[in-house]
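Protein sequence lines, in the order shown, are assigned to chains A and B. So in numbering that gives the first Met the number 0, spot 441 of the first sequence is number 440, and the numbers just go up one at a time. So in numbering that gives the first Met the number 0, spot 695 of the second sequence is number 694, and the numbers just go up one at a time.
Because the hints were derived from the structure by calculation, they are not lab data. Quick reminder that beta carbons are idealized off the backbone N, C-alpha and C, glycines included. A portion of the hints provided could be inaccurate.
What the hints assert, rightly or not - Computed list of chain B residues with no C-beta within reach of chain A, every gap over 10 Å:
#	residue
1	A70
2	G166
3	L190
4	P348
5	R425
6	P616
7	E747
Stated by the list, open to error - Simulated crosslink set (EDC-like; lysine to aspartate or glutamate; CA at most 20 Å straight-line):
#	chain 1	residue 1	chain 2	residue 2
8	B	K798	A	E714
9	B	K397	B	E793
10	B	K397	B	D497
11	B	K823	A	D700
12	B	K825	A	D808
13	B	K798	B	D808
14	A	K823	B	D808
15	A	K798	B	E714
16	A	K823	A	D852
The residues making up each chain are set out below.
There are 2 protein chains.
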Amino acid sequence: MSAHSPTQAPTAARVVELRGGDAQGESLGVDLAGHPGAELSALSGLGLPVPRGFVVTAAHGSGSGGVDGAALDEAVSALLRDASTDGAPPLLVFRPSPPVAARGLLEPILGIGLDEAAATALGARLGDRRAAAELRCRFTQMFGSAVGGIDPYYFEEELYAEKSAAGVRHDHQLNAEQLDSLAARYERLYLEHTGHPIPATPVAQIEAALRATARAWRGPEGLALRAASGTEHIGAPAAVVHVWIQSEFGADSVSGTMSTRDPVTGAPQRCGEFVRGRRGGEPPTTPQPISGIGLAETSLQELMPGVWQQLGALGGVLEGHFGAAQEVQFGVERGALWLLGCREATLSPAGTVRATVELVDAGVLTAEQALARIRPRSLDALLHPSLDPSAPRTLLAKGLAASPGAVTGAIVLTAADAEAAHEAGRSVILVRHETTPDDIRGMIAARGVLTARGGITSHAAVVARQMGKTCVAGCGDLEIDLRGQTVTIGGVRLAAGDAITLDGSTGSVLLGQIATVEASMSPALDTLLRWADERRTVGVCANADTVEDAERGRRFGAEGIGLARTEHMFFDGDRIHVMREMIVADSPAARAAALERLRPFQRRDFEGIFRVMDGLPVTIRLLDPPLHEFLPERREDIEALGRSMGRPPAAIRGLVARLHEKNPMLGHRGCRLAISHPEIYEMQTRAIFDAALSLWAEGLDPRPQILVPLVSMAEELVAIRARIEAVAGEYGERGERLRAIPVGAMIELPRACATADAIAAHADFLSFGTNDLTQTVFGFSRDDVATFLPAYIERGLVKDDPFVVLDVDGVGGLIELACRLARKQKPEITIGICGEHAGEPRSVRWLQRGLVDYVSCSPYRVPIARVAAAQR
Amino acid sequence: MSAHSPTQAPTAARVVELRGGDAQGESLGVDLAGHPGAELSALSGLGLPVPRGFVVTAAHGSGSGGVDGAALDEAVSALLRDASTDGAPPLLVFRPSPPVAARGLLEPILGIGLDEAAATALGARLGDRRAAAELRCRFTQMFGSAVGGIDPYYFEEELYAEKSAAGVRHDHQLNAEQLDSLAARYERLYLEHTGHPIPATPVAQIEAALRATARAWRGPEGLALRAASGTEHIGAPAAVVHVWIQSEFGADSVSGTMSTRDPVTGAPQRCGEFVRGRRGGEPPTTPQPISGIGLAETSLQELMPGVWQQLGALGGVLEGHFGAAQEVQFGVERGALWLLGCREATLSPAGTVRATVELVDAGVLTAEQALARIRPRSLDALLHPSLDPSAPRTLLAKGLAASPGAVTGAIVLTAADAEAAHEAGRSVILVRHETTPDDIRGMIAARGVLTARGGITSHAAVVARQMGKTCVAGCGDLEIDLRGQTVTIGGVRLAAGDAITLDGSTGSVLLGQIATVEASMSPALDTLLRWADERRTVGVCANADTVEDAERGRRFGAEGIGLARTEHMFFDGDRIHVMREMIVADSPAARAAALERLRPFQRRDFEGIFRVMDGLPVTIRLLDPPLHEFLPERREDIEALGRSMGRPPAAIRGLVARLHEKNPMLGHRGCRLAISHPEIYEMQTRAIFDAALSLWAEGLDPRPQILVPLVSMAEELVAIRARIEAVAGEYGERGERLRAIPVGAMIELPRACATADAIAAHADFLSFGTNDLTQTVFGFSRDDVATFLPAYIERGLVKDDPFVVLDVDGVGGLIELACRLARKQKPEITIGICGEHAGEPRSVRWLQRGLVDYVSCSPYRVPIARVAAAQR
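All chains should be modelled from the sequences, with the hints used to inform the complete structure.
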């Protein structure tokens, strides 16, 4: 039964001693002791210097009562007795200790017992009567707010009245007597509001604070918090009572926080800030760095070398216990160091990786534990440049974080302008309503892409991630005036050529240039990935269409190419013209002639990729998009095409109109092209065969696989396999080896899932295309989803964009069905997935449980998938 | 084990006697005796006059040998002996008797034994030497072709030589001697080609013919036939040998065919044609009617009243045995009637219904057998007018038979022109590239619709079927010149206003006006449908959007409205303007105001339908199409809309552009509209509630059901149900009854199938929308499928258009999954289907086996579905 289970039996609160620094007390968990209580209990357990005190554990169950009065009485008495200094009992701190953060609702009360007499004694001890008076005022106000439930407004009124009476303007101008008077005002306020004075004894104050804490926890705000955090079963949160370390005043007092590691790099060196104790009446001082010699500000290293040494020794102890970098709160009172809390430090992704790997090297964590501690998505930031966190910035608008990285460039509004600027050596951001394959060359030329429409899997987003370009998509606050060559982003009008910065990790569009920091594959990341590779059972491949993508994929550890799209190869350079000639050809002979001219291009593309991936599988998807995507849309481009082909523009226009589709996603594309125009796939098959033969002749080991897209029925695969076999037959004896090249089907339609057994019978492997599968399973066009999906997310109908995180219930159900049918038909079949979800950690973790043999994602996501696939 | 099972053990051929007309022989099946053999065996078994003879049964199995020589020898000897006339042995007929039609491959040989001596005897018997010589020539040629394998070309050469020698031009000018000479030429030809003469004895001729038959059956053409018909296991087809009834020559000889019923009406009266015997040298005579007195041509009734009487007595015997109207071949030789074969008569659909019902009345068939004999689709023709089969016609082009019926009208090219012409009282055919909802009013005004693009479930086709309008869709040979107001159909240029005729049952586009015949629900059809209703377990409802549709549905026997689409209600009259105001509204208040103006229209629509369907369920589907379908597309229409709303045209253009979707099928439509714009469904819900309350107040029994379209996740249904409940809450006490109105989900997306359990938990009923489900399961857009599906059908990848016949493997698999999940979650849930397939017989037969509780189809298809649902 989980500690958080709502069926837990009611338990009453107990009092558990914190044995400050000299002995090991009982170690308490968060559920029982809350966060501060558990931390102090743990630190105490490690023999570290924590203030003496005790934890009042949480009362579990709504019917459970508070702590036993006698036990509390005894604990307070013992504390006051044992921790007295020079015979004077110590002042105490009351800290509510909830199991979840509750700032503003449950605040600590510093200075339990700080009445007029105690203030006098404290003033004498500090040698600073004004400081003691100030602390007494604060205690009275804290107690009045937390226990008396008095609105801060009343305290401000009293402060204002006191300052008026004193004739001063600022708080720190009040002297000790005036502060005493103010404290008395606050005490009267308490009496007026509650009908009785502040309880006189520490134990009575603590009892009242405990009751107030339980009240707040059960009130409306607490209710919301408990409902949201699954802590309904906790009747009242725990509390900690300990000796007050008074580090705020006095030359030999400081307070601060220290991280055991550099948050940016993860290097094991103490980092942090501290504030020096001051004299009463002085304004608070600014924080200073803990470490460093000869800086502009005095460091703690210089100020209190002994304390600094002590802090340095903590790193190993804390990380050894907690298994992660820690941030500690500390106080120094009259030269003595006390730890007041600790929690896991928030490191940068790179820092987290380094720290985690070093903790494994130190024997603190196992590799499995280390892998489980990494959020795979955070690795994304390690592979792309990111904005310098310290750089100032002006946010113009927010879009979707479509492809990570941070880039600055001049606004361009057309692909042609992007190319021209790129050739002129300028960095540009391509800004479009949405992109089409016509924009590919512009996207290649641009450093980043910003679109007004389209979701996380729109053309712009997918292509950008594939290319590793930064992209912010679906930015609703973007208007484009192409004719005027201006854009309006978040109400700010900018001209083409003006600089903007995109942060593809947050979806931010920023004004002007912002400094960025580069990232690289660190040795620690390499180590982590090696551990992941040793543990995962699912293969990780890259989606790559170019030699550059393939190289990047191999560098990032891809075990092959799971998806090499061939369509982008037809947009490059002059090929698009030949492709268009093929499409507008008015006879099979003319079409065949154009295809023959495309074949050497394809062959060279394949040779290049095979060479990079030598010895690893390269899965080539035959042509997928509808032919009209290759034709121009604009009147002038159509006319130019007509001229270049010696055909009347009307003929080209007519063809464009004939090829127009109402729902191109569900139209004449994928292997449907091969049923109506078999010669296209035949050309591609020949190019694959030629490339393989040429590399075999060099003694290399190319391993092509042919992937047939958009299969909806086994009959399609049968017909296309027959054509591929026939092409192999053209190669005579050499055809034998070519015939062994695996042929697989892309499973990206519901019908392919429902008939996966029939398809598997004719396939050597299957590859789920989860982008298209998500579109057809939901009936969501990824190009149009931005018009309604935001309303779904806003109203809580869906938690995650199904194009980002695999929809386990619907799409996943069909994937499971398909895997079961396919494996029943052909147990030895290889099954992969090459959609966007292949690089999304939650999806990968789900998919790797016996469903698929490999995932294939964009090169930049390969490390993410490697880690995710190793997480159980 | 089926008789056609390929695993059947080899069996040798046997000889089985046909006991002509006087005794019952062994009755043989088609598999053993082939078609002619089985027919003659059956007729013989009925004691009817068939020629004496025998059947050589089929040798089953490729390893099986031919017939035993001794048995054949004995059978031929017995036949020649027992059937001799005046001491002369009879001439015989050899008829190959395959189990499937094999014209051109296996032809009979008439006149076995007809050598020179037999010809002389025959001439004497006929009193017509030339006739005998002609028959001998024909026998020799038949034998030479069938057994000798001699190309007809050689016989023509010889005939030409003989005519040249005789100095005549036409065959019939050859006299008896010259024909004898020709027969001798043919015999020489045989010798030259085969190396041996025509076998001398009848038994040798029959043995040779049997071998030739087996050879042909096993040859390439036979192979194809056997493969196509599943008769691979038959080693050689059967053959029939019987006495030759020589009805071709002589005054008291005739040959003919007779149907036991009128093929058009199905009335039990003998119909058919016969040819009178002629004299040698006369050209063949033309066929004359069998029945009738005082016609232009002499009938058999007049010529041979005795034979006519005999034929009349056959009807009851034959139909009583075969259970269906029959067509018999007969021959009369010298006044004696012989039956030579019979087969089921091809009646018109109306005739079939009448004949079948009458056979049940006569106790020949059970009602179940009668239902099983009806092809439900054929009923379609009974419900729509059809082309007069005898009318002359000029075919312009063929398209898809999208919606049945035959209509003539003047060509119009726009919806507005159709409306104007309709108001002027003219019949028009709306000719469009494709139709959109903008064309609805034009379609209402037109008698028929012809489109150049779009498949069997394109907008034009679906709406036309729904309306009962004739439609020919996807007519590729159609070009439209809107500016020039001309069309070119199959190369013929026509102007707007020219008349064309559409035959929606065949997809024909015909020039000018063609006469048609009206159809009505006959008493026989009523009887048949009553039997069907008594036997089917699945309900049959109609899809109807209007009062007229609802009335038609109820008239045709619908048990409710399974789908009342609400979108067409917004196109009528002025509503479209209000609808557009709602869409372009720039504030929620303006939108609400426009919706309030639409509400009374909706309410009246619903009241009208509820009234017609009083006491039966009416399932109202809330708004489904994307909003942009309601906006104009043309520049001038956009400007007009802007003017009428006092908004700048640019604003309207901008809105149209913003609402544009790349894949509207997968876009912002269906219940997605209700998530982003809840007020639309709220208005529709109020209109339904108002209509129900008003009819309840009248004491009527309206039974509305609310259907939520395009559900992809249970969360959508939950959110929309909550809104419907809230609207019911507005009605105070009366809301209780409104809250009981069932709310269901349309299951038309794969995800809805995969998560049907979760959806069923919140639904009172489910309704499969198989049109959209087929689109998303296959990834086929029904608007674009015409560009590639024909290639699939042509290449045999799919047998049936999945938009016509339910794809049982893929779409059906998901339907089964959904039914199983839904019923597991909620066993009492009602499940229906309202897509196109609900009116397609094969689909209905598949669906009714425990999957759905009801089907709902267009009113015209209701009778079809009623019959199909009763077929097991």
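Hints versus structure:
1. Remark: the non-interface label on B/A70 is consistent with the geometry, its nearest Cβ contact in chain A lying 48 Å away (cut-off 10 Å).
2. A cut-off of 10 Å between C-beta atoms confirms that B/G166 is not in contact with chain A; the least separation is 54 Å.
3. Non-interface status of B/L190 relative to chain A is upheld: no Cβ of that chain comes within 10 Å, the nearest being about 47 Å off.
4. Listed as outside the interface, B/P348 is consistent with that label: its C-beta sits roughly 33 Å from the nearest C-beta of chain A, beyond the 10 Å cut-off.
5. The beta carbon of B/R425 is kept farther than 10 Å from every beta carbon of chain A, the shortest such distance being approximately 31 Å.
6. No Cβ of chain A approaches the Cβ of B/P616 within 10 Å, the least distance being about 27 Å, so the stated non-interface status holds.
7. Listed as outside the interface, B/E747 is inconsistent with that label: its C-beta sits roughly 8 Å from the nearest C-beta of chain A, within the 10 Å cut-off.
8. Between B/K798 and A/E714 the alpha-carbon distance is near 11 Å, which keeps this suggested pair within the 20 Å criterion.
9. Taking the CA atoms of B/K397 and B/E793, the gap is near 16 Å; set against the 20 Å cutoff, the hint holds.
10. With a C-alpha separation of about 18 Å, the suggested pair B/K397 and B/D497 falls inside the 20 Å cut-off, and the hint holds.
11. Restraint check for B/K823 and A/D700: not satisfied, since their Cα atoms lie roughly 53 Å apart, outside the 20 Å limit.
12. For the suggested pair B/K825 and A/D808, the alpha carbons sit about 19 Å apart, so the restraint of at most 20 Å is met.
13. At most 20 Å may separate the alpha-carbon atoms for a hinted pair to count; B/K798 and B/D808 meet this at roughly 13 Å.
14. Distance hint between A/K823 and B/D808 is fulfilled; the C-alpha atoms sit about 17 Å from each other, no more than 20 Å.
15. Restraint check: the Cα-Cα separation between A/K798 and B/E714 comes to about 11 Å, which is no more than 20 Å; the hinted pair holds.
16. For the hint linking A/K823 to A/D852, the alpha-carbon distance of about 15 Å falls within 20 Å, and the restraint holds.
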